[in-house]
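Just so you know, the sequences run in chain order B and V.
Everything in the first sequence is counted per our numbering, starting at 1 for the first residue and increasing by one.
Everything in the second sequence is counted per our numbering, starting at 318 for the first residue and increasing by one.
Honestly, the hints are just simulated from the structure, not real lab data.
Note that beta-carbon positions come from the ideal geometry of N, C-alpha and C, so glycine has one too.
Be aware that a few hints might be false.
Distance ranges between label pairs, derived from CB positions [unchecked claim]:
id	chain 1	residue 1	chain 2	residue 2	range
1	B	Ser-164	V	Gln-349	52 to 62 Å
2	V	Arg-519	B	Val-273	51 to 61 Å
3	B	Met-198	V	Leu-470	51 to 61 Å
4	B	Lys-94	V	Lys-329	33 to 43 Å
5	V	Pro-330	B	Ala-296	11 to 21 Å
6	V	Thr-366	B	Lys-184	22 to 32 Å
7	V	Glu-426	B	Leu-313	17 to 27 Å
8	V	Ser-406	B	Pro-260	35 to 45 Å
9	B	Ala-296	V	Arg-509	52 to 62 Å
10	B	Ala-259	V	Ile-387	39 to 49 Å
11	B	Val-273	V	Leu-328	28 to 38 Å
12	B	Leu-313	V	Lys-430	15 to 25 Å
13	B	Ala-259	V	Pro-446	16 to 26 Å
14	B	Leu-313	V	Ala-341	41 to 51 Å
No more than 27 Å apart at the CA atoms, straight line, and that leaves these computed lysine-lysine pairs for DSS-like [as the list claims (entries may be wrong)]:
id	chain 1	residue 1	chain 2	residue 2
15	V	Lys-329	B	Lys-315
16	V	Lys-487	B	Lys-94
17	V	Lys-430	B	Lys-315
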Amino acid sequence: MLIKRPDDIKSSEITDERLYYDRRKFILAATGVGALAAVGASVSWLRATGEGVDPVGLSTPFAEDEEDVLTSYESITGYNNFYEFGTDKLDPSKHAHTLKPRPWTVAVEGEVNKPQLFDIDDIIKSFPSEERVYRLRCVEAWSMVIPWLGFPLKDLLDRVEPTSRAKFVEFTTLYDPEQMRGQKRAILPWPYVEGLRMDEAMHPLTLLSVGLYGKMLPNQNGAPIRLVVPWKYGFKSIKSIVRIRLVREEPAATWNVVAPGEYGFYANVNPNVDHPRWSQKRERRIGEFRKRPTLAFNGYGDEVAHLYEGMDLTKLY
Amino acid sequence: MTQVQFIRRVLKPAVFIIALIPAALLVRDFFQGDLGANPIEEITHRTGTWALTFLMITLSVTPMRRLLGIGALVHLRRMLGLFAFFYVSLHFLTYIVLDQFFELPAIVEDIAKRPYITVGFASFLTLIPLALTSTNRMVKRLGGRRWQRLHRLIYVAAAGGVLHFLWQVKVEEPRPIIYGLILVVLLGYRIREQRLQARKARRAPRRAAPAPVGSS
Ligand code: HEM
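With the rest of the complex left out, here is chain B (with noise of 0.2 Å):
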């Protein structure tokens, strides 16, 4: 590893993390993150499972391939894309302590039943959060490995009832310049918007997230809740979720509608289709020194390769 940590760092998150490390189990109750250990958060032992399908598709540390390592706590909350806090990797995790995450509600609603205003706190309650520890391969060309907390959106979604008319999923990210000071500036059509296909929606493997590292999910990462979808670009895992609306119409996501030749709709990963600035073929694992060749829908291939079957993915990237 090239990155050497000082040795006088003593930061509380290298602590907690090797507490994780040692003490998995506890982690929940011993953090006293409130809200989360309170409900009985399940935290799955080595892997997640549900539906049948190996959804982490990959080994945690604690497996002998050591292929993929959890990336530190301190990277994973310290290198973030989110532009509504400034676009430096620095600037989320400086300024997000803006955000006030509590109260916070999210509107369901659009082609269901039984639409639905949730504030956060009934939502870590009514759906139980399990560990997953998936990778997330930004459009950048980097990735990381995270152990989520979370729920699968389609346990939100059947709460709501979808008609037959709902097609596709629209997400909406807070809009309050006041709490996000990059909103300040339109360097993004604001608020971000984002959206999935309604069968990608509720597919087993995408996640609604609440925490990671065993705590609630830290402000730069998307608190109070945020998408997870480990075999698309990172950007099209929308943090501080305000809205789900779900819709008959392809949303408008705030990339493709920016930049279409650079980042289309479905936004799978492919080492096959590069980005016209830069090659998709490699990333770099945060942590690591030699690029690692990317692989077809990050590594997910097994579990979602069928939702496209069909797609031309070089036109439909």
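Since chain B is already given, all that's left is putting chain V with the ligand on it; use the hints.
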């Protein structure tokens, strides 16, 4: 001490030390692990930024001489230009060694297919003959006029550097635009100067050819 002596014996060594500070900080932060989660990207960005900054500083020497009336500042110019070349070289080596780890096919593909890399690479190549002909001996061998004409290529390299920066940002960003504006001002100044000189030369025909613009 005369002004020239001051510049050569005091200012020049001082500027030399100052110009090394960014490199020293880079080395320090590298060994202390202070380059963040993605150290290779950080090194690329810092060396690129300093390369472009030193190109701009080098280009501002001549206007500064005129504006401040201190012709002897020309004694700093070669050194500043070589520092620009030093940081560009570090930047290029970072890309070849750390970022790509000598993967030649990937490098060739990048240079051929990514316009921002193509332009950056062309700018780097442009600077090589300038660095090679920066010695007094080469100035003499080429002759002041030809040497000067060759060294105007630094404007091409700087413009390429700005374009390289402009083409890689994902959203509108002030930094490449600021460098671009600085370059436009510097270039505008030189063009205006040349026009004035040409007019003077026309008014007073057949007197001596205009004095070469400060070869050091
Ligand atoms: C005169 C020559 C050059 C100048 C002035 C220059 C300048 C710069 C600047 C200012 C940046 C942006 C720094 C930042 O974002 O803070 C940059 C980034 C970069 N440069 Fe250069 N550069 C030059 C040549 C090259 C060459 C020859 C290569 C490789 C063949 C190269 C590869 C890169 C890369 C890979 C980046 C990072 C892009 C990214 O982060 O997306 N540059 N350069």
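Tell me the hint numbers this structure goes against, listed in increasing order.
5, 11, 13 and 15
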